[in-house]
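Numbers in my numbering are just positions in the sequence shown, counted from 1, shifted up by 1052.
Check the hints yourself; a few may be wrong.
[Stated by the list, open to error] When the alpha-carbon atoms are kept at most 30 Å apart in a straight line, the in silico DSBU-like pairs for lysine-lysine are as follows:
1) Lys1465 to Lys1155
2) Lys1159 to Lys1465
3) Lys1465 to Lys1522
4) Lys1364 to Lys1203
5) Lys1203 to Lys1279
6) Lys1359 to Lys1155
7) Lys1576 to Lys1465
8) Lys1158 to Lys1203
9) Lys1279 to Lys1205
10) Lys1109 to Lys1538
11) Lys1538 to Lys1465
12) Lys1158 to Lys1439
13) Lys1203 to Lys1366
14) Lys1366 to Lys1269
15) Lys1159 to Lys1269
16) Lys1109 to Lys1155
17) Lys1361 to Lys1203
The hints are simulated quantities; they were obtained by calculation from the structure and are not laboratory data.
Keep in mind that this is a model prediction, so the values were computed, not measured.
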Amino acid sequence: MLHLAKKFDRWLHSHLILLLALVLLLALRIPNFFEPYWYGDEGIYLTIGNAIRNGEKLYTDIVDHKTPIIYFLAAVPNQLSFRLLTLVWMMTSTIAFYGVALKLLKKKLPTAISTFIFVFLTSVPWLEGNIPNGELFVMGFVLVGAWIMLKTKVLEYFFNQKKEFSGVQNRFKLYIVGVLFGLAILTKIPGLFDVVAWLAAFWFMLTNQIDLLFNSKSRLQWFQLLKKTSYHLFWLVLGMVTPILGSIIYFTAVGSGQDYLQFGLLYNFHYAANWSLPFQNKILEQLFTLPGKIAIAALVYLALTLKPKRFKPKDQFIFGWFILSLVGALLSNRPYPHYFQQLVPALSLLLGNLIIIARFKKKNLQKNIPTISMSLVLIVLAVGALKLLNFGAYPLASYYQRFFQLVSGRMTKQEYRQSFNYFMEDNYDAAEIINPSGVNEIFIWGTNPMLYALTETNPTGKFTVSFHIKDLKVYDETMASVVAKKPLFIVVMDNEHEELPGLNEYLQRYYVLNSNFTNFSLWKRLPELVSLGTL
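Required output: the full structure, derived from the provided sequences and hints.
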């Protein structure tokens, strides 16, 4: 018994930082479980997840423009289930991040600080860490894959400059890593940039030894390195291709192949380009194009490649990951806070790396000037981009203050709901009317996917919000589905200024105004006997 107690004490001591980080994560996320159905994207995910559970085909019967994994993750009974899934997911991500940080930074203090920064930024509302957005799920796949990848001999060779790397165990591990990276891309397209950052380790592995190529005595050694690197990279890429190819086969088999191509893949390019920048400067406008952002990332990689002796392998990798994750976060140039969650793992490592220099390498400060300079350049780039895009984070203190007011009885449940979104009072009142009817479908003209999720109903058409209907100009198709399915309830949002052609006439003929709420009107279909003669 004493032996077990000592063993547990040693285990507790060696994992204390991680355990404290997980406790902090749990504490920061407790208010998440008391939030109402208030957030638009989460409403879309839950609505589509509900449709999938009810047998509808993704991209054919129900449509959004993201890759598929996020919708299957959201195929849970309710918002509470989705929040619980997110909690478990982020605990796993935190464990993986701690493992990655410890491998790269090696020292406990910077690892601890990096981990706490990671937990804080991925949990609090500043960057919408309290919401189950796609970026958090991408992060989980990438970090677990990275954690496994760092256990392979090929990465030990790169980061620790070991003499050899080989072995069939790497083949299986790298294939699994590739599968996880492929799943990250299938969760959200910008995850591709995180994946490329990890693949770039193979690039640095070769270029850091490029001197061997120009020496006739060691040239063969470099080509052997190229052969081994290519072999390991092949298994990783094969793993990546597996889930992507599997998704194509799956959607083709269920008859949704063309729709998957259109909405799950190609529409993302249209969405990324469909945003007006908040400034007018020709040079800046070019830099914020995809080629411009990739060119900046390429320049950073070029600097890291041409001066390999000035940067340690971990510095090369962290800087490369930071710039590529910044490109991913800026892919659509939209200043949405949750997009910048993608930057958090690399930022946390970069700050941890600076702590190593400040705390442990004061005497060798001259040697670390390139590392410090590159860190500052990258941070300035990120801050400058955020400033130019008019980025604004969500408030932090008021989020927790409102929660404490709720649990202490100083704020009613209704007031708490309304503090998140001014639709809440109307939505919950409307749900009390819709839910007892037992309907499976309603139609909302405008943007209020939270009401679909709250009532666990599906849209009568393919789309959860009017944005897609207007963007794709599918007015006739949408109206035809309303006429064909005759939903018992139709909601018309007051802030939707564009009319759906034919809807008003249809409402006047077959529906009666049930409730006129502050933000929308709720129409109920007349009994079939009343409208039968005019159908």
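Results of checking the hints against the structure:
With a C-alpha separation of about 46 Å, the suggested pairing of Lys1465 with Lys1155 is violated against the 30 Å cut-off. With a C-alpha separation of about 46 Å, the suggested pairing of Lys1159 with Lys1465 is violated against the 30 Å cut-off. The suggested pairing of Lys1465 with Lys1522 is violated, with an alpha-carbon distance near 36 Å, which exceeds 30 Å. Note on Lys1364 and Lys1203: the hinted pairing holds, with a Cα-Cα distance of about 19 Å set against a maximum of 30 Å.
A distance of roughly 20 Å separates the Cα atoms of Lys1203 and Lys1279; the hinted pair therefore holds under the 30 Å criterion. Distance restraint check for Lys1359 and Lys1155: the Cα-Cα separation of roughly 23 Å lies within the 30 Å cut-off, and the hinted pair is therefore satisfied. Restraint check: the Cα-Cα separation between Lys1576 and Lys1465 comes to about 28 Å, which is no more than 30 Å; the hinted pair holds. At roughly 14 Å between alpha-carbon atoms, Lys1158 and Lys1203 fall within 30 Å of each other, so this suggested pair holds.
The straight-line distance between the Cα atoms of Lys1279 and Lys1205 is roughly 15 Å, inside the 30 Å bound, and the hint therefore holds. At most 30 Å may separate the alpha-carbon atoms for a hinted pair to count; Lys1109 and Lys1538 meet this at roughly 21 Å. Proximity of Lys1538 to Lys1465 is assessed by CA-CA distance (about 34 Å); at most 30 Å being required, the pair is judged violated. About 34 Å separates the Cα atoms of Lys1158 and Lys1439, which puts this hinted pair outside 30 Å; it is violated.
For the suggested pair Lys1203 and Lys1366, the alpha carbons sit about 15 Å apart, so the restraint of at most 30 Å is met. Restraint check: the Cα-Cα separation between Lys1366 and Lys1269 comes to about 29 Å, which is no more than 30 Å; the hinted pair holds. Only pairs whose Cα atoms come within 30 Å are accepted, and Lys1159 paired with Lys1269 is rejected, the gap being roughly 38 Å. Distance check on the hinted pair: Lys1109 and Lys1155 sit about 43 Å apart at the alpha-carbon level, beyond 30 Å; violated.
Between Lys1361 and Lys1203 the alpha-carbon distance is near 25 Å, which keeps this suggested pair within the 30 Å criterion.
In terms of the numbered hints stated before, the structure departs from hints 1, 2, 3, 11, 12, 15 and 16, listed from lowest to highest.
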